[in-house]
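Per this note's numbering, residue 38 is the first one in the sequence shown, and the count goes up by one each step.
Simulated from the structure, these hints should not be mistaken for laboratory data. In this text, a Cβ means the ideal position worked out from N, Cα and C, and glycines have one as well. Be a bit skeptical, because a hint or two may be false.
[Unchecked claim] Below are the DMTMM-like pairs computed for lysine to aspartate or glutamate, each with C-alpha atoms no more than 20 Å apart in a straight line:
{"no.": "1", "residue 1": "K112", "residue 2": "E173"}
{"no.": "2", "residue 1": "K83", "residue 2": "D181"}
{"no.": "3", "residue 1": "K136", "residue 2": "E149"}
{"no.": "4", "residue 1": "K169", "residue 2": "D90"}
{"no.": "5", "residue 1": "K112", "residue 2": "D214"}
{"no.": "6", "residue 1": "K112", "residue 2": "E95"}
{"no.": "7", "residue 1": "K78", "residue 2": "E95"}
{"no.": "8", "residue 1": "K78", "residue 2": "E146"}
{"no.": "9", "residue 1": "K169", "residue 2": "D91"}
{"no.": "10", "residue 1": "K78", "residue 2": "D181"}
{"no.": "11", "residue 1": "K83", "residue 2": "E199"}
{"no.": "12", "residue 1": "K136", "residue 2": "D181"}
{"no.": "13", "residue 1": "K169", "residue 2": "D190"}
{"no.": "14", "residue 1": "K112", "residue 2": "E94"}
{"no.": "15", "residue 1": "K83", "residue 2": "E173"}
{"no.": "16", "residue 1": "K78", "residue 2": "E173"}
{"no.": "17", "residue 1": "K112", "residue 2": "E82"}
{"no.": "18", "residue 1": "K169", "residue 2": "E82"}
{"no.": "19", "residue 1": "K136", "residue 2": "E173"}
{"no.": "20", "residue 1": "K169", "residue 2": "E104"}
{"no.": "21", "residue 1": "K136", "residue 2": "E168"}
{"no.": "22", "residue 1": "K112", "residue 2": "E168"}
{"no.": "23", "residue 1": "K78", "residue 2": "D90"}
{"no.": "24", "residue 1": "K78", "residue 2": "E199"}
{"no.": "25", "residue 1": "K83", "residue 2": "E95"}
{"no.": "26", "residue 1": "K112", "residue 2": "D128"}
[Unchecked claim] Just the calculated beta-carbon pair ranges, DEER-fashion:
{"no.": "27", "residue 1": "I208", "residue 2": "R163", "range": "28 to 34 Å"}
{"no.": "28", "residue 1": "E168", "residue 2": "V202", "range": "35 to 41 Å"}
{"no.": "29", "residue 1": "E82", "residue 2": "E199", "range": "37 to 43 Å"}
{"no.": "30", "residue 1": "T182", "residue 2": "D91", "range": "27 to 33 Å"}
{"no.": "31", "residue 1": "K78", "residue 2": "S152", "range": "19 to 25 Å"}
{"no.": "32", "residue 1": "R183", "residue 2": "A86", "range": "25 to 31 Å"}
{"no.": "33", "residue 1": "T182", "residue 2": "D90", "range": "31 to 37 Å"}
{"no.": "34", "residue 1": "K136", "residue 2": "G192", "range": "21 to 27 Å"}
{"no.": "35", "residue 1": "K169", "residue 2": "E199", "range": "31 to 37 Å"}
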Amino acid sequence: MPLSKFMLVEVWVPSSNVGRNKTKRLDHMAQRPPSIRFSVKTLLEKYTAEPIDDSAEEFVNFAAILEQILSHRFKGPVSWFSSDGQRGFWDYIRLACSKVPNNCVSSIENMENISTARAKGRAWIRVALMEKRMSEYITTALRDTRTTRRFYDSGAIMLREEATVLTGMLIGLSAIDF
38 MPLSKFMLVE
48 VWVPSSNVGR
58 NKTKRLDHMA
68 QRPPSIRFSV
78 KTLLEKYTAE
88 PIDDSAEEFV
98 NFAAILEQIL
108 SHRFKGPVSW
118 FSSDGQRGFW
128 DYIRLACSKV
138 PNNCVSSIEN
148 MENISTARAK
158 GRAWIRVALM
168 EKRMSEYITT
178 ALRDTRTTRR
188 FYDSGAIMLR
198 EEATVLTGML
208 IGLSAIDF
């Protein structure tokens with residue numbers, strides 16, 4: 038896929054066996070909130086007048102950055118609960134967002150063609166954006182500080198002040214039809 042002026046090449050999701058140097062790079066990148074801000078701004082500028090589908094470069098970029106933030110310093114593979122043996126941010130979202138009225142968590146859990154925690158997390162990102170409730174879900178999850186601390190290591194973006202800033206940025210996405 039050719040790079041466009043909207044593609045953020047520096048964002049990547051590490052594998053579960055991240056080495057020491059990659060962890061430092063990830064932490065360094067995570068301290069750059071303008072990339073999510075730029076991604077949201079790009080989506081808003083381009084798609085407030087027309088619907089966006091999940092094949093658009095701007096959407097793919099945004100979803101990758103959000104997944105990176107939700108996965109940053111996530112406590113590693115722990116559980117035999119997950120169908121794929123790995124814990125992912127979906128496990129956190131599933132618990133922390135269960136208190137959101139009329140949430141989409143059970144619908145995603147019941148999807149037959151999606152079995153891994155990673156795939157369910159990605160499905161949740163899409164559904165939350167389609168529902169125009171992403172900010173509400175993240176805000177509710179962050180309010181559950183006990184669960185958040187249980188799922189994230191110290192220094193995680195979800196445990197820092199930037200997470201609150203993130204919820205503010207996500208409010209604007211309700212203007213877009215996904």
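Hint by hint, which ones does the structure fall short of? Hint check: 1, 2, 3, 5, 6, 8, 10, 11, 13, 14, 15, 17, 22, 27, 28, 29, 31, 32, 35 fail, others pass.
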